[in-house]
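Protein chains: 2
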Amino acid sequence: MIYIQQLRERYQLTIGYLGTIVIGIGIALLIPLLIVPIYKGEVEQIKYFLIPSVFSIVLGYIIRKANLDKEATLTLHEGGVIVVFAWFITIIISATPFILSGQLNFTQAMFESVSGWTTTGLSVVDVTKTPNTFLLWRSIMQFLGGAGLAVVMLSAIIGPHGLGLYNAEGRSDKLLPDVAKSTKLIMTIYLSYIVAGIVLYIIAGMNWFDAINHAIAALSTGGFSTKVDSIGEFNSVAIELITIVLMFLGTINFAAHFLLLKGEIKRFFKIGEIRFMFFILSLAIPITIVIALLGIYNTLGKTIRVGVFELVSALSTTGFSTVGYEGWPSFAIFIMIALMIIGGGAGSTAGGLKQYRVYIMLKSLIWNLKGYLVPRNTVRQEYVIRPEGKYYVPKKHIVEITAFATIYFIVYVIGVLIMLAYGFPLQESMFEFASTLGTVGLSVGITSPDTPVLILWSQILGMMLGRLEFFVFFFAGVKIIRDTKLMATSFKR
Amino acid sequence: MIYIQQLRERYQLTIGYLGTIVIGIGIALLIPLLIVPIYKGEVEQIKYFLIPSVFSIVLGYIIRKANLDKEATLTLHEGGVIVVFAWFITIIISATPFILSGQLNFTQAMFESVSGWTTTGLSVVDVTKTPNTFLLWRSIMQFLGGAGLAVVMLSAIIGPHGLGLYNAEGRSDKLLPDVAKSTKLIMTIYLSYIVAGIVLYIIAGMNWFDAINHAIAALSTGGFSTKVDSIGEFNSVAIELITIVLMFLGTINFAAHFLLLKGEIKRFFKIGEIRFMFFILSLAIPITIVIALLGIYNTLGKTIRVGVFELVSALSTTGFSTVGYEGWPSFAIFIMIALMIIGGGAGSTAGGLKQYRVYIMLKSLIWNLKGYLVPRNTVRQEYVIRPEGKYYVPKKHIVEITAFATIYFIVYVIGVLIMLAYGFPLQESMFEFASTLGTVGLSVGITSPDTPVLILWSQILGMMLGRLEFFVFFFAGVKIIRDTKLMATSFKR
Ligand SMILES: [K+]
Ligand SMILES: [K+]
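These protein sequence lines map, in sequence, to chains E and V.
Position 464 of the first sequence, counted from 1, bears residue number 464 in the working numbering, the numbering being contiguous throughout.
Position 251 of the second sequence, counted from 1, bears residue number 251 in the working numbering, the numbering being contiguous throughout.
These are computed hints drawn from the structure, not numbers from a lab.
Do not rely on the hints blindly, as some may be mistaken.
Identical copies look the same in the list; a pair holds intra-copy or inter-copy alike.
[What the hints assert, rightly or not] In silico DSS-like links for lysine-lysine, alpha-carbon gap of 27 angstroms or less:
1) K396 x K370
2) K363 x K396
3) K270 x K47
4) K395 x K227
5) K262 x K184
6) K302 x K363
7) K370 x K47
8) K485 x K370
9) K395 x K363
10) K270 x K227
Since the structure is predicted, the reported quantities are computational estimates derived from the model, not experimental observations.
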């Protein structure tokens, strides 16, 4: 009975923390209103943000007051529970402006909200008819869901010494000893990149509104665009180059940025995951261009531009595009699918299996083969270079990564099967769900306002599983069910 | 220098063993001629078998005489080298009847030969125009490549305590302490099954020639048929049922047969891999029928018949079919692809990743998830049931299986890309190469006499890698290259 009592108190504490998060969302909802003085025609949009904002702030305040408010450190388990609860509240509140304004129905609004917060960038809105306040709100969700939620919630609440899955993702704790300090540092770095991106975009010819939205979307590997044809609308080499750089910066491990910024370029390029990323691209880009893309575009220059941009966008899981893929041969589409499944850097805002995991699996394969060739008592040098230095890879680490890859493929296959069951072709289904689960956001057309509701919901779930990492979900889910049962049982007595 | 001398002697010994194998192939080439007295019209085919047969026997005899002939036990490494050399000689000699008779060109003949020996069953011959002696020769290759080569060469030469890959495949050594004895036992069991299959087929209405060929092809999970429409040609429920049972028997681990035959049915159904196989089928068959196949065939009965037969054929990697897949929705095709990639039982003549490996990966995932839920110092019960009993799975075992799965996927992706580069659609390419690498033999049409030569050769390589297991190949290849260099260097001095 004492345990049950404790459990209740802990949950009250957990809910108290949730209150703070809800207040935060309420404040975030006010940000899009900052541009109303400039776009005066959007005055009537104010209420769609103000109502949920006030509601959230009041609700959050009540939640916090009604529950324990004293300082206390959360345990690992509680951190997981908060993350899941916070996500549900966050995405529902974030969907309300779309619903209130009548632009989207509930499912579509939830889809857009989840796509934003997970930095996926798949969309069911028509950007040509969407007010600028809403376009900015989409970008804010991506920023908070990327740098914000990733860093603040996952790092600060679950903690850097938490779950094995952190280890499995190759986060680099040693470089970031102090969570609060490093969170601040990461946010500073991110904001600096974004400001730099905005300035460069404006120099390259974008207007300030497009520049803000695209810089945020590129760096958070989000990929929402204010244009129907995404980056392709600008048809500018300079803008494409800026975007490619921002996408790279967005998809790189936070810890690797420290090396970059400290000017330790040599150490930066020794990181296994970084080398692996450039290895993949230097293999995939020329092959795809030569075998599949030659002859599709007028000039060789255009072909190379397209090949580089789309493949970087896919691997970094950003999801910007400069062309449509209707005329692309299956060869190129298959390469894109493979890159989207591999995904971006570990410890970044990107999605997918993560380059680090794939790299470890390939390394493990090589170690395995070598194992047959050297005498049994040879000392093995089974390490990889991570941002913080050499890391000797234990078998347990490989087993955890395998578990992750296994569940990733299972969810992928189920997602594809759901699309197939609705009669979509295999190639399109494989592309679209790889894009969904990898939080990439590229589309070959399955995702639209007319998409069957069940597919949209399977995509919502896929994006969340892909972004939150399955184990957090599983972990918190089991704890919530267990605790609920326990409390319910004690209540009956 | 002493080492070099020894190395030469060892290679002479290895080559001596090869001589024996070449003589064996020469004798096998005579078997199809046994039916000439019955099919008298095929007298003129005799020379196409007799010439390579005599050539092989003489060549084998010379090889054996010219090299050391004394008794000696081969080491592990030499076993691997023999397997690879023996395969190359075997498939070349086996292709000659097709070339001599002018039925196929060199590439096609090699394809047919490799397809037979690897028990794949993809074919570039037109069975309606192929003499019976050649049809029987195809079945004999499957029998020898299945039960014969698998058991005799891999078990006897490499030995049951050999390579880690054996362990990785979950071979059950404890049940089979004596290699020679167990080889004999396995051959006896196999031949009994085949005889039983022939008798049942004849009772069900097949003629004796079709019965022989189909019984062999089913049990060796080979899938070559004497009919264009494979088992579908007979349109008989009884024949389909017999075939399903034979396919199951063919795809089950050798060691599991011992339990079956000893009447230990309960223990048999406790084997993890067996339960997993039935689990997959009991999930995949009803889902595929309900979602994808309803309405395609006239009656519900026919639909169920087709669903069960094709899915068992795919998972067991046999490759018989009763229908074409032109009208099948992508949902069903995708399920078939997944089943072909999973593949048959470990320690059988089947191909694919192997059910055992997939089972271990899923178990590992479950153990991983459980690991987050139980206190850290809890004693874990991480074992699976193999035919010989409980097996506590070490992390090393899981890492080896992961390495295998990784290389399997890499080869699969490359194979698919080659087909895509020739302009074949994604769905067809994924199906055809899953079938190739898994030595299944089902086709959606890419494999034909008109297939581009490069694709045929990539399939030849795929079938061999799929059948021989990558590590044997790699292992022997590296040894041969190293030793050759060593001997060449010593020669220069
Ligand atoms: K994205
Ligand atoms: K087969």
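We went through each hint and held it up to the structure:
1. K396 x K370: both (19 angstroms within a copy, 14 angstroms between copies)
2. K363 x K396: both (14 angstroms within a copy, 15 angstroms between copies)
3. K270 x K47: This pair counts as neither: shortest intra-copy Cα distance 52 angstroms, inter-copy 64 angstroms.
4. K395 x K227: neither (47 angstroms within a copy, 50 angstroms between copies)
5. K262 x K184: within (17 angstroms within a copy, 69 angstroms between copies)
6. K302 x K363: neither (36 angstroms within a copy, 49 angstroms between copies)
7. K370 x K47: neither (65 angstroms within a copy, 47 angstroms between copies)
8. K485 x K370: Result: close only across copies, 19 angstroms inter versus 50 angstroms intra.
9. K395 x K363: Both, since 12 angstroms and 16 angstroms are each at most 27 angstroms.
10. K270 x K227: Intra 38 angstroms, inter 59 angstroms, cutoff 27 angstroms: neither.
Of the numbered hints listed earlier, those contradicted by the structure are 3, 4, 6, 7 and 10.
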